[in-house]
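The numbering of the sequence shown is the numbering used here, which starts it at 1070 and goes up by one.
The reader is advised that the hints may include incorrect statements.
Said to hold, decoys possible - Cβ pair distances, simulated, as ranges:
hint : residue 1 : residue 2 : range
1    : Ser1130   : Phe1202   : 19 to 25 Å
2    : Lys1138   : Ser1168   : 17 to 23 Å
3    : Gln1173   : Pro1076   : 37 to 43 Å
No lab work stands behind these hints: they were computed from the structure.
Please read these numbers as outputs of a predicted model, since none were measured by experiment.
Idealized CB from N, CA, C, for every residue including glycine.
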Amino acid sequence: MSPPPHPDTLDFYLAQVCHLHHSRAHQLFEAIGLYRGQPPVLRILWEQEGVTQTELAERLSITPATLTKMLQRMERAGFIQRKPDPADQRISRVYPTESGRRVQSEVEAIFKTMEAETFAGFTQEERILLRRFLLQMRDNLLAAMGEEPWKPK
């Protein structure tokens, strides 16, 4: 096991920022009954109701098993419902419930709050530059793992 990153390295700061961002998102989403990974599911369903679980997992870049656990939790909380595809009962389609639709404005407001809090004090130019750096870092890591550059699904 490698030692933890040194407190004055870019790796350390990147890990710290990711951890704090995760914690803040959890804090805000928990206040409306959602867990941090669930709003992206709802965002997809608000745009396109009835996507299959397979499509949803692909679009979120998560494993089907991870998605299944997340959907079970969201279904128990009343945010989504799964229905068999009428043409193929083996396929499960996912729909937002009325409760899932009701939280849309709150979820979007939380994303705006997160963006404002995270980038307070940044100029537009600094934000553009940071975006470019992050995309390059992502592509560098994908290349190091022997994978193709990331493309949105």
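Out of the numbered hints, which ones does the structure contradict? When the structure is compared with the hints, none of them turns out to be violated.
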